[in-house]
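Residue-level listing of the chains:
Protein chains: 2
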Amino acid sequence: MPITIKDVAKKAGVSPSTVSRVLSNHPRISKETARKVKTIMEELGYHQNVMARSLVSNKTYTLGMVLPRPAEELFQNHFFAENIRGITTQASRNGYDLLMTAGHSEAEELTAVTRLVKGRRVDGIILLQSRRNDPIIAFLRNEGFPFVLIGHSEEEILCVDNDNVQAAFDATQHLIAQGHERIGFVSGPPHLTVSIDRLEGYRKAMNGHWLPMQPEWIVEGEFLQESGYRAMSYLMNLPERPTALVVIDDIVTFGILRGLNELGYRVPDDLSLVSFNNIALAELSSPPLSSVDIGIYQLGYMASQQLIRAIQDDHPLPLRTIVPHRLIVRESSLNLKRNWS
Amino acid sequence: MPITIKDVAKKAGVSPSTVSRVLSNHPRISKETARKVKTIMEELGYHQNVMARSLVSNKTYTLGMVLPRPAEELFQNHFFAENIRGITTQASRNGYDLLMTAGHSEAEELTAVTRLVKGRRVDGIILLQSRRNDPIIAFLRNEGFPFVLIGHSEEEILCVDNDNVQAAFDATQHLIAQGHERIGFVSGPPHLTVSIDRLEGYRKAMNGHWLPMQPEWIVEGEFLQESGYRAMSYLMNLPERPTALVVIDDIVTFGILRGLNELGYRVPDDLSLVSFNNIALAELSSPPLSSVDIGIYQLGYMASQQLIRAIQDDHPLPLRTIVPHRLIVRESSLNLKRNWS
DNA sequence: GCTGTATCCAAAAGCGCTTTCAATTGGCTT
DNA sequence: AAGCCAATTGAAAGCGCTTTTGGATACAGC
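Residue numbers (this note's numbering), protein chains in the order written: chain A, 1 to 341; chain B, 1 to 341.
One or more of the hints may lead you astray.
Here are some, though not all, of the chain B residues that point toward chain A, as calculated from beta-carbon distances under 8 angstroms [unchecked claim]:
{"no.": "1", "residue": "Ser-54"}
{"no.": "2", "residue": "Lys-118"}
{"no.": "3", "residue": "Arg-120"}
{"no.": "4", "residue": "Trp-210"}
{"no.": "5", "residue": "Met-213"}
{"no.": "6", "residue": "Ala-280"}
It is worth saying that the hints were derived from the structure and are not from the lab.
These numbers were taken from a predicted model, which means no experiment stands behind them.
Don't be surprised by glycine CBs; every beta carbon is placed ideally from N, CA and C.
Start from the sequences and build out the full structure, keeping to the hints where you can.
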C-alpha cells in the first residue's frame, strides 16, 4: 500500500490540500509548514502518484513519439540514437519524459498517435519524418494538438531543420577552395526536399565562382551504398571527369569509396569527396571522410525545446528553427599528400 | 471538453459502469448492449482516458527504460536503435508503450528510476547495462518491482543475454575450418564477462582441435578502434604471427583493418578476421567483415516479452533467456581469392 | 404462488490528486 | 473596540475510470 498525501497530511497534522500545495510549491504556504511537510514526506518515503496528478491537472509531462520504421538502416540508426539523446536530454531538463510507441504500417502509426493524443497520454508529439500529405500531421493539426516535426515541411507547422542549401554551398565552396574546378554532385532521390536544397546550394557555389557545371556531373540515386558505387563507375568513365564530388550522404560515399578502391583510384588524390551527416563511421573509414555535421543531437534537442514551449505557453513561436551545420574537414577532401602518422 | 464514458452512457441509455464493462470486454454483458455501446462510442469519437484507467487499476501498460549514457558511440548507437526496435515491437504487440527517461550521472539515473517506480508511472523496467553492484538493480530488487536486464548478471534476476562462450567457439571453429592453425584473440577489457566468456569459447575451440595457443596471441584492450590498431601492430610484429584473429568487437576490427591497410597487408589473404556484433558497418567495410550477429533486435524483443510476462503473471519465469547468435561469414575470413562481382 | 438461480445492468464508492471556496487567524486601521 | 485586510489553511468537489454490491427481470422447480 503506497503512501499518499493523506498519510503525509495526517502525520504532519495538516490537511491533504496543504500537502498538495507544498508539492507544487504554492506561494501561499508558510515556509514553516512547507518545511515540516517536506520532512514528513522524506520520513515516510512519499512519492507523488503521477497518474493521479495527470488525471486532474490534465498534463502528463510526457512527450510522445512514434518509432520510425526501419529505413536506410545505417544512417537511421545513428540519427535515431543521437536524436533521442537530444530529445530526452532537453525533455528531462524540463521535467518531461519521452513515450515511444511503434507502428509497423502507416495506418498503425496513425492509430498509435490517436491513442496517445485522445487517450491524453502525452502533452505533445515529436514527428521524425514527414511524407507528403502526412495523415498524422493532418490529424494533429486538426486536433490542435502540439507537435513538432524534425525535418522539412512546406506546411505551416512547428519544425526544426537544417539549412541544406547553405550546407551544400559550404561543402562545395570548400572543394573550390582546395583548388577544384570540376566538381560533381551525387544526389539522392530527386523528389526529396533535402536533395533539391543541397543541389541548389551546390549550384549556387559553382555559379558564384563562374565554374562550369556539366549536366553529366550531377547524378541522382538513393541513400544507399549501391547508388554511390554506380555513380562512381559512371562518373569515372566520363571523358572529362570531375576531380571532386559533393555527395548527398555518407553512406553513398562509402559505396563510392569502395568502388574507387577496387579500381585502384586513391582518395583524395584522384578524387576528393565531401558528404553529409558525419556519421560516426565517417571518421573511421580510410581515408576519413570530410562531412557536413548536421547537428543531429541538436535537432532533437531543439525539437524537444520548441515543443515544450509550444505546450507551455500559447505565444506563437517562430515556426521554423534552423540548426546550424558544420563542415568537418578530413582527409577525403584535403589536397595534401597522405600523411599517415 | 473530451468525451467520457458518461457521455457515452447517457447517449446509449445505459450506466457508465456498463460502458466501462464494454470497454474491458467483460463477459457478463449482452452482445446486444455491447454492440450498441460500441456504435455510440464510434459515433461520438470516444477514447478511453488512459490516466484515469491507470489510476484506478494501478496498471500503466508502460515499460520504463533509462537511456544509456553515451559510451562506445558507434556500437552503442547501433545497439540502441535495434534494441529499442525490438523492445517496442514486442511491447506494442502486447499493448504496452515504452517510456524513456534520461540520467546524466549514476545518481540521476537512480533518481529517474525511483520516480518512475514510486510514481507508479510504469509497470516494469528494462535495464540496458549493468555495473557491478548496480544500485539500480539493488533498488528494484528491494522494491520487488518487475525488471529485466539485457546483458549478463551473476545475480538472481531476470535477464536476457547471448551465449558468448558458444559464439566465440563458433567463430574460432570457422577459422579452423578455413584451414587456419595459428589463430589469435583480440579481447576487450578483461574484467567484463563478455571478454571472459568469449575468451573461453576461443580456448575451447583451439583445445578441441589440439591447436597450440601462444600466450602472446591473446591481447586485451578496449572496445575502441585504437585498441585494434595497437593489437595489430603488436601481433604483426611477432616472429611467429597468427594467420587469423578472433576479435571481440567490430569496432576493434576496424582499427585492425586500418592498420593493415597502412602496412600494405591484405585481408583475408595475409590475415583473416572474424569479430562480433555484426554492426551495419561490417557489411560496408572493405573487405566486408565476418561477424557474429548477436541478435540485438531479438535481445530487445525477448527482454520486452519476459518483462511483460513477469508483470502479468506471477509464475516464476526461467531467469535467464539466451538469444541465439549467428556467424555471418563475409570476405574477411574467406580463404578465397577476392571475387568482386 | 413462492423460492431459487441465472443473467444483465445501475448505483455508488473510491483511486490520489488539484483546486475552488470558505474559514480562521492575527495584525492594523479608524 | 469594532471592522477590515492579508496570509494561511481546511473542506469538499471532482478529474474519468473500475469494481463491488446489489437490484431487477426472467424462468425453472417445488
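Numbered hints the structure breaks, given as an ascending list = Those not satisfied are hints 4 and 5.
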